[in-house]
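Peer 1: Residues per chain are reported as follows:
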Amino acid sequence: MERKEMPARFLAVMPPIKELWWEGNRGLLADTNKYLAIVGSRRMTDYGRRVLEMIMPDLVRAGLIIVSGMMYGVDQEAHKLCLKYGGKTIAVLGWGIEWPGLTREDRELQEKIAKEGLVISEWEKKKPELWTFPARNRIVAGLADSVLVTEAALKSGSMVTVTWAQKFGKSVLAIPGPITSKVSAGTNQLIAAGRAKMVLSAEDILCSYGLQRTPTQLVMFTGAERTNNFPHRILELLENEPLTTDEMVRILCDKVEKINVVLTEMNLSELIEERNGKWELGVKMRQDACPS
Amino acid sequence: MVEVDVASKGFPAFNIVGLPTKAVDESRERVRTALINSDFDFPAKKITVNLAPADLPKGGAAYDLPIAVGILIASGAFEWKEKDSSAIYYGELSLDGSLRHTKGALLAGEFANRRKRTIFLPILCANEAAVFEAIKVFPVRNIGELALHLRNEKLIKPLKPIDVTDLVESASYDFDLSEIAGQELAKRALMIAAAGGHNLLMSGPPGSGKTMLARALPSVLPILNKEESLAVTAIYSAAGLVGPGEAIIRRRPYRSPHHSTSLPGLIGGGSHPIPGEISLAHLGVLFLDEMAEFSRNILEALRQPLEDGVVVISRAAERIGFPAQFMLVAAVNPCPCGYLGHPRKECRCSLREVGRYRRKISGPILDRIDLCVNVPAVEVEKLVESSGVAKRQTSAEVRKEIEVARLIQNDRLKQSGMFTNAQMKNKQVKQFGLMTPEAEKLLALAVAKYDLSARSYFRLIKVGRTIADLARAEKVEANHIAEALQFRERVF
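Protein sequence lines correspond, in order, to chains A and B. So the number in my numbering is just where the residue sits in the first sequence, counting from 1, plus 27. So the number in my numbering is just where the residue sits in the second sequence, counting from 1, plus 171.
Be a bit skeptical, because a hint or two may be false.
Label-pair distances were calculated between CB atoms; the ranges are [unchecked claim]:
id, chain 1, residue 1, chain 2, residue 2, range
1, B, N581, A, E266, 41 to 49 Å
2, A, E138, B, D479, 53 to 61 Å
3, B, E461, A, L264, 50 to 58 Å
4, B, K646, A, E230, 35 to 43 Å
5, A, E230, B, K571, 23 to 31 Å
6, A, E297, B, K646, 50 to 58 Å
7, A, R302, B, D582, 52 to 60 Å
8, A, G113, B, E461, 40 to 48 Å
9, A, R302, B, E461, 35 to 43 Å
10, A, G113, B, R519, 55 to 63 Å
11, B, S624, A, R302, 54 to 62 Å
12, B, A567, A, R77, 27 to 35 Å
13, A, E138, B, I394, 54 to 62 Å
14, B, G414, A, R302, 33 to 41 Å
Hints are computed from structural coordinates only; laboratory data are not their basis. Treat the numbers as computed from the prediction; the structure is a model and nothing was measured. Beta carbons are placed, not taken as given, at the ideal position from N, Cα and C, and that holds for glycine.
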């Protein structure tokens, strides 16, 4: 793609983008679209992942196009989740679009994004180097209407993107995190210094686009009612925080073999799911309110 | 058999023939010195010792005693009576004429028992042979004492037979399940694993109690019966690991080789093969801590013994099969630094490092593991809050339930020549893993949702069968499958 074919917003990017290689649905670059860049640390924590999982369904439903950098960690998770919920996503590569050195997982994801979304890069076969990533970040910032930082260390690529975004006059959003976590230090500092708007929910993000959250239908728990009300109590508990099986055994004060059975059933009906040994609310429950 | 000839003609010499190895050959010096130091005359004649059969290589120091006795008799130190000539003499001499603790005393006793012979053993290991009630076992302190006995001047008292069953039942374990706070899920997994003889994989951060749980496992396994106890003792005796004065190994073995263990150290080996860690864990527990740190070829070598219950060591000189029926308990950290998912400590590994670490474990060895369980870090103050809510089960209580479940399995699997559910092959799973329609429906749903392979499918039924046995249920019900699913193999 030559400069004259590029969407208007790319022409404002400095230093200028000389040429652009692309693969996938080029229609995603139409000027009327609304873009949200999601950037963050390569070392995504559990917290970072849960944040993405919480906000992504609403973002996708509102029709935002998710832009990110295809790097493992937050970037890839954002791409994957967006595709999982049927959204549109653009990956801006820090390497040449046909660079052959990718790992198998990366290649599969890149191909998947090219098939269901769009992959763009400034280069054709360039090997990634230290300077190509900040250069890529300026395109991410240039394309986006807003840049959302989920997790970032104080000195990181995500902070570079933020600097570019501010240079181009884009709004910067950041998710606060625990002050004990290294990868939340950057985002917290952005908020503290007033460089980013603090975001606490998907609604906050949609607000900045003038959009509203589309409400979804309430799904009731329809599984066979048992003599005890474990399923309901477990859902109530998990609303507050993820728990291990052991913690549930302690709180519910019953035999582990009974609770195991309930957990399997709830897991099979996607009410809860397990991650790193802890149970949390499942896809069904995350999108909707808790059953009364 | 040891033959000694003291020839009246020829130059004084002392030779051992019959393929002696170094340790046997050096026995000449020990025997000569021991005899002289015990105030016997060492005949200055041509002495030839023949170890028969001539073509089998002989090693070890246990030939000292028979050679010494042979020389005494051949030199006419005392009369050779019929009853003494059919006895077995076994033991290593020290230079002052006393007998040292010698490996393999139990095996010598077993041989004597088969041939119905009397046996003379060093006093330090004579107890090992005293478990055979049918034979007389004489504990010998030193060669002088033995000579007095053979001359009928001062008799040695034979040992009283030791009752194995009494010993086994009085065995105590140094670790009880009730000492472990929390970890209900892991304890349950341990119980199911013990009941069905399943191999178990525990994953959790350092300090969460994986080692403690593994160490408590022998205490919930059924008590060794007499045959089992002798089988274990035979291996330990051959490896020289039965302590001085001890009779038999009374507890189920628990072995936890370090991940730097060499291949021969683990599966057995040497040019004259000796049993390795997996045979020392026979009928007990083999615990591999930090399994991901073990090298690939070592883990590979475990596959065949896990399948067959024996390990065959082939060397140019000989082939020896050692029994190796053990429960494998493996522990891994969730990531290289160990703190992934820890409530307090931050993990310092990148996603990629975690991926690489996990891939190391997956593969052939995971195929042999039926139960996987997460052992999360325990937050002490949360435990304190809830202490006294549920009574902790002791090992003895759990063991009773497990023994019942094992009996049920024994009955069912008798005809197939198996003892536990874990040993079932696909054929038996189809035959005995009868499920209720609801259970089948649940399993089908789970297969679709978790994308389970055919192998995990059969493993789930096996574990479900064990859970059903623990509940004393005829068929595998939906509840049992549902619980088994909690212990299925995950990324891990």
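Peer 1: Now tell me, hint by hint, if it's right for this structure.
Peer 2: Comparing the hints with the structure gives:
The given range of 41 to 49 Å is respected by N581 (chain B) and E266 (chain A), whose C-beta atoms sit roughly 47 Å from each other. Under the hint 53 to 61 Å, the C-beta atoms of E138 (chain A) and D479 (chain B), about 44 Å apart, miss the expected range. In this structure the hint that E461 (chain B) and L264 (chain A) lie 50 to 58 Å apart at CB is violated, the actual value being about 33 Å. Our hint of 35 to 43 Å for K646 (chain B) and E230 (chain A) is violated, since their Cβ atoms are close to 51 Å apart.
Separated by about 57 Å at the C-beta atoms, E230 (chain A) and K571 (chain B) break the suggested range of 23 to 31 Å. Here the CB-CB span from E297 (chain A) to K646 (chain B) is close to 28 Å, at odds with the stated 50 to 58 Å. In this structure the supplied range 52 to 60 Å is violated for R302 (chain A) paired with D582 (chain B), their Cβ-Cβ distance being about 42 Å. The supplied range of 40 to 48 Å is met by G113 (chain A) and E461 (chain B), whose beta-carbon atoms lie about 42 Å from each other.
With their beta carbons about 23 Å apart, R302 (chain A) and E461 (chain B) fall outside the hinted range of 35 to 43 Å. The hinted range of 55 to 63 Å is not satisfied by G113 (chain A) and R519 (chain B), whose Cβ atoms lie roughly 35 Å apart. A C-beta distance of roughly 22 Å is found between S624 (chain B) and R302 (chain A), which places it outside the suggested range of 54 to 62 Å. Checked against the given bound of 27 to 35 Å, the beta carbons of A567 (chain B) and R77 (chain A), roughly 43 Å apart, lie outside it.
The supplied range of 54 to 62 Å is met by E138 (chain A) and I394 (chain B), whose beta-carbon atoms lie about 59 Å from each other. The given range of 33 to 41 Å is broken by G414 (chain B) and R302 (chain A), whose C-beta atoms sit roughly 48 Å from each other.
In terms of the numbered hints stated before, the structure departs from hints 2, 3, 4, 5, 6, 7, 9, 10, 11, 12 and 14, listed from lowest to highest.
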